[in-house]
Structure formats: C-alpha cells, structure tokens
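J.: Chain residues, written in single-letter form:
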Amino acid sequence: MTTVLLVEDNEMNRDMLLRRLQRKGFAVLTALDGEQAIQMTQQHQPALVLMDMSLPVLDGWEATRRLKADPATKHIPVIALTAHALPAERDRALEAGCAAFETKPIDFPKLLAVMALVQK
Amino acid sequence: MTVAAPGVPDAVRATLESWGWRLSEEHPDATLTISGQSLEIRTCAAIHADDIAFLPLREEELRRRIELAQHRRARLAKRLHDLRSPLNAIQGYAEIIAETAEGDAFRYASNIRTASELLTARLENMRDEGV
Chain A
1 MTTVLLVEDN EMNRDMLLRR LQRKGFAVLT ALDGEQAIQM TQQHQPALVL
51 MDMSLPVLDG WEATRRLKAD PATKHIPVIA LTAHALPAER DRALEAGCAA
101 FETKPIDFPK LLAVMALVQK
Chain B
1001 MTVAAPGVPD AVRATLESWG WRLSEEHPDA TLTISGQSLE IRTCAAIHAD
1051 DIAFLPLREE ELRRRIELAQ HRRARLAKRL HDLRSPLNAI QGYAEIIAET
1101 AEGDAFRYAS NIRTASELLT ARLENMRDEG V
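Just so you know, the sequences run in chain order A and B. Take 1 as the starting number for the first sequence in our numbering and just add one per residue. Take 1001 as the starting number for the second sequence in our numbering and just add one per residue.
Quick caveat, the hints were computed from the structure, so don't treat them as lab data. One thing to keep in mind: the hints can contain errors.
To be verified - Chain A stretches covered by chain B per the calculated footprint, using a threshold of three residues with CB under 8 Å from any CB of chain B:
hint	segment
1	2-14
2	18-26
3	59-69
4	84-91
To be verified - Every beta carbon over 10 Å from chain B, so not counted as near; a handful from chain A, in silico:
hint	residue
5	L29
6	T30
7	E35
8	M40
9	Q42
10	A47
11	S54
12	A72
13	T73
14	H75
15	L94
16	G97
17	K110
18	A113
19	V118
Ideal placement from N, C-alpha and C gives every residue a C-beta, glycine not left out.
Could you build the full structure based on these sequences and the hints that come with them?
T.: Quick look at the structure:
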C-alpha cells in the first residue's frame, strides 16, 4: 500500500481528499501545517507529499524548501495543491522544489495521474 | 521599478530609463504596451489592460498607477483564492457521493459537480479579465 502525506489546514478540504485517496487504496497520513509536514515526512518517509501552500506556522513553500534541503527527505516528491491559480504561483512552487502543481478545485483523476507520474 | 516595454518607442524607453527604471522581461512590476497616444499598463498576463497612461509620461503618475494596479490585482487574487477553497470541498464531496450513489442521489450529486465546475470556469474568466 502506498503511503502519502496530505498537508492541509482546511478541515473540510483535508477530510474530503483524505477520503478520496483512501477509497483509491492509499494509506494517508495528515499534517495541519508546514512544521508538522516536515516532522511527519522525516518520521514516516511517505512515497510522496501533497502540500497545500498557504499554511499556518510554516508555509508550504518554506516547508518544501526545507524538505528538499534535507538529505533524508529530498528524494520524496512534493506536489503543490493551491487555490492560487496564477501562473506566477506555479513558478513559485516549482522554484521551491515541488515536482508538480495542481490547483483547487482538485481534478482528482488528473491528480492521481500526476501522483503516479512523480513516483517514477 | 522594473517594467517590460515590448514594442514601445525608443523615446519612451529612454524616458523610463532616465528615471532610473529598469527595462526587463524578467519579473517586471508591469508590462507597458503602446496603444495610439497612450500607454497600456498590465501587472499580469490579463486580456484587458489594468490602466492607461497618456503620453508624455510623468514618473510619479505612472508609478502611482502601476502600484494601484498591483494592489487591485493582489486583492482580486486573494478573493479568488478564498472562493476556490470552499469550492474544492463542495466539488470533492459531490464527486464522492456520485461515485457511490444511484438514481436521484447520483443525478443530484452530478449536478452539484457540474455547477461547481461551471463556477470554477467563471472564476478563471474573472482572473483573466481582471474583473
């Protein structure tokens, strides 16, 4: 079973995506902010991280940069999930080290395809 | 201030440089294009210009217009972001229901999803048009 870490501070969005991923057979861990995301990634070594970018404590951009700077976690792909649909936001996420960028509302079949792609 | 000024006459470019402004396509504060006797100001890749400045240019005036346009754009981006978040939950839960429900419940959930997709498309248009 593939384990993914879902980082999302909004309760409804977290619950919704958690359920959908579980129904597709993923084991899903959750984190509510950037700091928890780093801690959980180091501890559980998920196959990939789904990262909301506007997060409390430590935002998704900084959390991704730190994951990419750490030899223990830099191999784990991070997919940015954001409600900011501007092209500049995509560049910002990719510059931080994200492997892919998906906008909300999430196109779930597309997200699954991207998840399969970045794991290769 | 850094501005991109594609197709803008050399005289206008020289004026901008005389103010100490940088002319660059990389992360400009605004893109300026010429339209008749006026200068169109865009702070993102939008269909409609954010504002228009008339020639000849005055530094303080142009700076103020660019800053105002940037401010309006940032406010719009935040509003669209705030709308997309709950829309994500509505659409996602509707899809979960549609995956398992049958009959009327399936039809209702499908309609919620379709309406939500329509709303998303309208938000995209608002962003592109800078409304």
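J.: Take the hints in turn and mark each one as holding or not.
T.: Structure-based check of each hint:
Coverage of the segment 2-14 of chain A by chain B holds in this model, with 3 residues showing a Cβ closer than 8 Å to a Cβ of that chain against a need of three. Closer than 8 Å: that is the beta-carbon criterion, and the segment 18-26 of chain A has 3 residues meeting it against chain B, so the requirement of 3 holds. Counting residues of the segment 59-69 of chain A whose C-beta lies closer than 8 Å to any C-beta of chain B gives 0; at least three are required, and the coverage claim is violated. For the segment 84-91 of chain A, the proposed coverage by chain B is satisfied: 5 residues have a C-beta within less than 8 Å of a C-beta in that chain, meeting the threshold of three.
The beta carbon of L29/A sits about 19 Å from the closest Cβ of chain B, which is more than 10 Å, so the claim that it is off the interface holds. The beta carbon of T30/A sits about 15 Å from the closest Cβ of chain B, which is more than 10 Å, so the claim that it is off the interface holds. No beta-carbon of chain B comes within 10 Å of the beta-carbon of E35/A; the shortest separation is about 21 Å. In this structure M40/A is separated from chain B by more than 10 Å, as the shortest Cβ-Cβ distance comes to about 22 Å.
The non-interface label for Q42/A is consistent with chain B: the shortest C-beta to C-beta separation is roughly 28 Å, beyond 10 Å. Every beta carbon of chain B lies more than 10 Å from that of A47/A, the smallest distance being close to 21 Å; the non-interface claim holds. A cut-off of 10 Å between C-beta atoms contradicts the statement that S54/A is not in contact with chain B; the least separation is 7 Å. The non-interface label for A72/A is consistent with chain B: the shortest C-beta to C-beta separation is roughly 31 Å, beyond 10 Å.
Look at T73/A: its CB is around 26 Å from the nearest CB on chain B, clear of 10 Å, so calling it non-interface holds up. With a least beta-carbon separation of about 29 Å from chain B, H75/A lies farther than 10 Å from that chain, consistent with its non-interface assignment. Remark: the non-interface label on L94/A is consistent with the geometry, its nearest Cβ contact in chain B lying 15 Å away (cut-off 10 Å). A cut-off of 10 Å between C-beta atoms confirms that G97/A is not in contact with chain B; the least separation is 19 Å.
Every CB of chain B is more than 10 Å from the CB of K110/A (nearest about 12 Å), matching its label as outside the interface. The Cβ of A113/A lies farther than 10 Å from every Cβ of chain B, with a closest approach of about 16 Å, so its non-interface assignment holds. Annotated as non-interface, V118/A keeps its C-beta farther than 10 Å from every C-beta of chain B; the closest such distance is 20 Å.
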